[in-house]
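Participant: These protein sequence lines are chains A and B, in that order. Using numbering that gives the first Met the number 0, the first residue of the first sequence is number 0, and each one after it goes up by one. Using numbering that gives the first Met the number 0, the first residue of the second sequence is number 0, and each one after it goes up by one.
Hints may be right or wrong, so weigh each one.
[Stated by the list, open to error] The list that follows gives simulated cross-link-like pairs (lysine-lysine, BS3-like), each with its CA atoms no further than 30 angstroms apart:
{"hint": "1", "chain 1": "B", "residue 1": "200", "chain 2": "A", "residue 2": "7"}
{"hint": "2", "chain 1": "B", "residue 1": "9", "chain 2": "A", "residue 2": "18"}
{"hint": "3", "chain 1": "B", "residue 1": "103", "chain 2": "B", "residue 2": "173"}
[Stated by the list, open to error] Some but not every residue of chain B turned toward chain A, in silico, with C-beta under 7 angstroms:
{"hint": "4", "residue": "3"}
{"hint": "5", "residue": "4"}
{"hint": "6", "residue": "21"}
Quick caveat, the hints were computed from the structure, so don't treat them as lab data. Glycine included, each C-beta is placed from N, C-alpha and C at the ideal position.
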Amino acid sequence: MHELPITKSIYQMVLKHAKRGNAERVISVNLEIGALSDLQDEWLQRYFDYLSRGTIADGAKLIIDRVPVAFQCNHCQQSFEVYSLLKDDLSCTQCGSREVTLVSGREYQVKNLEVQ
Amino acid sequence: MEEIRLIDIKEEILSDNKGLAEKIREKLSQEKVFMLNLMGSPGSGKTSLILKTISYLRDRYRIAVVEADIDSVVDSEKVAAMGIQTVQIRTGGFCHVDAAMSEKALESLPLGQLDFIILENVGNLICPAETDTGAVKNTVILSVPEGDDKPLKYPLIFTLCDSLVINKIDYMDKADFDLERVRERAKVLNSNIEFFPLSCKTSQGLEDWIAWLDQEISSFQRGRL
């Protein structure tokens with residue numbers, strides 16, 4: 000739904016760094032996006048293709064690394080990943096406590112670019 | 000063929016927005032104006048909660064409202080009818096308010112003559128969660144007819160808000176809605192969340208919400224946030 004403004008932000012960042020690095024062409028963009036985000040990979044790519052047409056980033060592939068949702072237990076400090084929040088059974092895998100803190104899953108980062 | 004190189008970036012995708020949001024918060028703190036970002040589904044009661052909140056707090060604080068809507072002015076007309084200064088942001092198809100939009104809205108308000116601004120975000124539980132508006136505190140409003148599974152389906156927004164209002168508790172006997180379950184589902188995602196079950200229609204539970212808000216606004220104005 001809101002992929003366009005976010006892709007625009009990615010696109011501007013890519014162009015800035017590619018130009019600064021004297022790149023002639025951007026081959027791929029590595030992104031790190033937390034699994035809590037509802038961004039759709041397909042739409043990010045489509046909007047990126049649209050925005051980058053005719054620029055040095057034209058044809059670049061977005062490679063999206065989804066960072067799993069992970070929590071840390073407030074009691075025993077155990078860290079654990081959660082693959083589905085829909086199951087409603089979120090509790091510490093070691094001691095069973097439901098007092099936990101979200102430690103990853105909200106990442107939103109451009110990691111690096113592959114350029115020529 | 001020229002060799003392939005790697006350029007390291009490690010930069011937040013929305014860092015520009017984040018930077019601008021921080022600037023807005025700084026400005027609000029200098030002017031001692033508290034801004035609340037209210038998010039929730041269409042029909043959850045965002046505008047009703049705003050109208051109720053105004054009626055409780057208008058004697059204590061100078062209030063203005065920023066209404067974001069994709070393309071209508073219905074909500075801002077209701078607020079303006081109470082004699083409250085209102086700024087309309089038409090997001091023009093955008094599904095959330097970003098810092099640039101709220102900065103623009105704030106420019107048209109006399110900050111020096113205000114204590115409290117309520118920003119009504121665009122109605123949905125997905126997009127507003129990803130974008131910092133520059134607000135001091137964030138509240139999600141969820142209503143009983145929507146169901147108690149929303150924290151499971153849209154977890155991100157619940158991880159980011161400071162308080163959760165459950166509206167339409169007068170509907171409770173007509174719906175399969177377990178208040179305790181919602182509280183637990185939200186708490187597990189965000190242990191700091193404040194929880195306010197209420198009904199904008201009957202005013203039941205409103206005092207706690209108003210007391211929380213009053214406390215947040217006054218400590219912000221005293222520079223304790």
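Participant: Does the alpha-carbon distance linking residue 200 (chain B) and residue 7 (chain A) stay inside the 30 angstroms limit?
Facilitator: Given pair residue 200 (chain B), residue 7 (chain A) is violated - Cα atoms ~42 angstroms apart, limit 30 angstroms.
Participant: Decide if the proposed pair is consistent with the structure: residue 103 (chain B) and residue 173 (chain B), CA atoms, cutoff 30 angstroms inclusive.
Facilitator: violated, 42 angstroms
Participant: Within a Cα-Cα threshold of 30 angstroms, do residue 9 (chain B) and residue 18 (chain A) meet the stated pairing?
Facilitator: holds, 16 angstroms
Participant: Can you verify the interface hint for residue 21 (chain B): is its Cβ closer than 7 angstroms to any Cβ in chain A?
Facilitator: Violated, because the Cβ-Cβ distance from residue 21 (chain B) to chain A comes to roughly 16 angstroms (cut-off 7 angstroms).
Participant: Is the shortest C-beta separation between residue 4 (chain B) and chain A less than 7 angstroms?
Facilitator: Holds. Min distance 6 angstroms.
Participant: Taking 7 angstroms as the limit, does the beta-carbon of residue 3 (chain B) come near enough to a beta-carbon in chain A?
Facilitator: holds, 6 angstroms
Violated hints, in rising order: 1, 3 and 6; the structure is consistent with all others.
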